[in-house]
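> Chain by chain, the residues:
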Amino acid sequence: GENVEQHPSTLSVQEGDSAVIKCTYSDSASNYFPWYKQELGKRPQLIIDIRSNVGEKKDQRIAVTLNKTAKHFSLHITETQPEDSAVYFCAAYSGGSNYKLTFGKGTLLTVNP
Amino acid sequence: EAGVAQSPRYKIIEKRQSVAFWCNPISGHATLYWYQQILGQGPKLLIQFQNNGVVDDSQLPKDRFSAERLKGVDSTLKIQPAKLEDSAVYLCASSPRFMNSGGTDTQYFGPGTRLTVL
Numbered sequence: 090g091e092n093v094e095q096h097p098s099t100l101s102v103q104e105g106d107s108a109v110i111k112c113t114y115s116d117s118a119s120n121y122f123p124w125y126k127q128e129l130g131k132r133p134q135l136i137i138d139i140r141s142n143v144g145e146k147k148d149q150r151i152a153v154t155l156n157k158t159a160k161h162f163s164l165h166i167t168e169t170q171p172e173d174s175a176v177y178f179c180a181a182y183s184g185g186s187n188y189k190l191t192f193g194k195g196t197l198l199t200v201n202p
Numbered sequence: 373e374a375g376v377a378q379s380p381r382y383k384i385i386e387k388r389q390s391v392a393f394w395c396n397p398i399s400g401h402a403t404l405y406w407y408q409q410i411l412g413q414g415p416k417l418l419i420q421f422q423n424n425g426v427v428d429d430s431q432l433p434k435d436r437f438s439a440e441r442l443k444g445v446d447s448t449l450k451i452q453p454a455k456l457e458d459s460a461v462y463l464c465a466s467s468p469r470f471m472n473s474g475g476t477d478t479q480y481f482g483p484g485t486r487l488t489v490l
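Same order as they appear, the protein sequences are chains D and V. Note that our numbering has the first sequence beginning at 90, numbered continuously upward. Note that our numbering has the second sequence beginning at 373, numbered continuously upward.
Treat the hints with care, as some may be off.
Said to hold, decoys possible - No farther apart than 20 Å at their CA atoms in a straight line, the calculated lysine to any residue pairs in the SDA-like style are these:
{"hint": "1", "chain 1": "V", "residue 1": "416", "chain 2": "V", "residue 2": "443"}
{"hint": "2", "chain 1": "D", "residue 1": "131", "chain 2": "V", "residue 2": "377"}
{"hint": "3", "chain 1": "V", "residue 1": "416", "chain 2": "D", "residue 2": "145"}
{"hint": "4", "chain 1": "D", "residue 1": "131", "chain 2": "V", "residue 2": "487"}
Claimed, not checked - Residues from chain V shown here face chain D by an in silico Cβ test under 10 Å; the list is partial:
{"hint": "5", "residue": "399"}
{"hint": "6", "residue": "401"}
{"hint": "7", "residue": "405"}
{"hint": "8", "residue": "415"}
{"hint": "9", "residue": "440"}
{"hint": "10", "residue": "467"}
{"hint": "11", "residue": "478"}
{"hint": "12", "residue": "482"}
It is worth saying that the hints were derived from the structure and are not from the lab. Every residue gets a Cβ at the ideal spot worked out from N, C-alpha and C, and that includes glycine.
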């Protein structure tokens, strides 16, 4: 089955700095890679996603890059703000008949004012 | 658009007791998922329904966990009997996708049920 590794597990940055979270996946058939933000005690919320036919996608201060050859994808947050503080999860969507979403273990991002 | 609804939000039980969780997905969503999220980890898929049929329950501990989605809309997840290690948040999610239809893969999560087993 699919295995998703996520690094780092914790990340602390100063407000205004950039933050980068990296994930690797094992199943070459995976074709969809969403990123979720989860604030303490709340539901995971989709913040950006990328499909396997695209190398990069941006949405304001958030961008995701995908390297299919190396089987890794990254989340980039620029001009970080205190409200960006949360746990971020990457995930990979396996192909085949079941379309299973496998999550990484999460990165706790803290943005210090 | 109403989101995914779950109840109860919190539940505390003794080990060996039974518990049931309820989920109502976004209207029209064909696929429904139950995840277990242990503190400090990412959600782990327990079971996936396509309408009222199970398409993946490979990670569901079937000796104690069961789930159903009888009319292809809302769903219940049951644990009987509960163990200490079942303490977790149980998340329900739904997506519009039909298998092989080319529909969106985006999953929308409910607020979760936090289960504490004492």
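> Hey, does the residue 440/V contact hint survive, CB to chain D under 10 Å?
19 Å, violated
> Does residue 478/V hold up as a contact with chain D if the rule is Cβ-Cβ below 10 Å?
6 Å, holds
> Please verify that hint: residue 405/V, Cβ, nearest Cβ of chain D, below 10 Å or not.
Since chain D brings a Cβ to about 8 Å from residue 405/V, closer than 10 Å, the hint holds.
> For residue 416/V and residue 145/D, compute the direct alpha-carbon distance and say whether it is at most 20 Å.
Roughly 27 Å between the alpha carbons, so the hint for residue 416/V and residue 145/D is violated.
> With the threshold set at 20 Å, check whether the alpha-carbon distance from residue 416/V to residue 443/V stays at or below it.
At roughly 25 Å apart (the allowed maximum being 20 Å), residue 443/V and residue 416/V break the hint.
> Classify the hint on residue 401/V as holds or violated, based on whether any CB of chain D lies nearer than 10 Å to its CB.
At 14 Å from the nearest chain D Cβ, residue 401/V fails the 10 Å test, so the hint is violated.
> For the pair supplied as a hint, residue 131/D and residue 487/V, is the alpha-carbon distance within the 20 Å limit?
15 Å, holds
> Are the Cα positions of residue 131/D and residue 377/V separated by 20 Å at most?
13 Å, holds
> How about residue 399/V: closest beta carbon in chain D under 10 Å, or not?
18 Å, violated
> Any CB of chain D closer than 10 Å to the CB of residue 415/V?
5 Å, holds
> So, as I understand it, the hint says residue 482/V touches chain D; can you test that by seeing if any CB pair is closer than 10 Å?
6 Å, holds
> Should the hint that residue 467/V touches chain D count as held when the rule is a Cβ pair under 10 Å?
OK, holds: residue 467/V within 10 Å of chain D, min 9 Å.
Going through the hint list in order, the structure does not satisfy hints 1, 3, 5, 6, 9.
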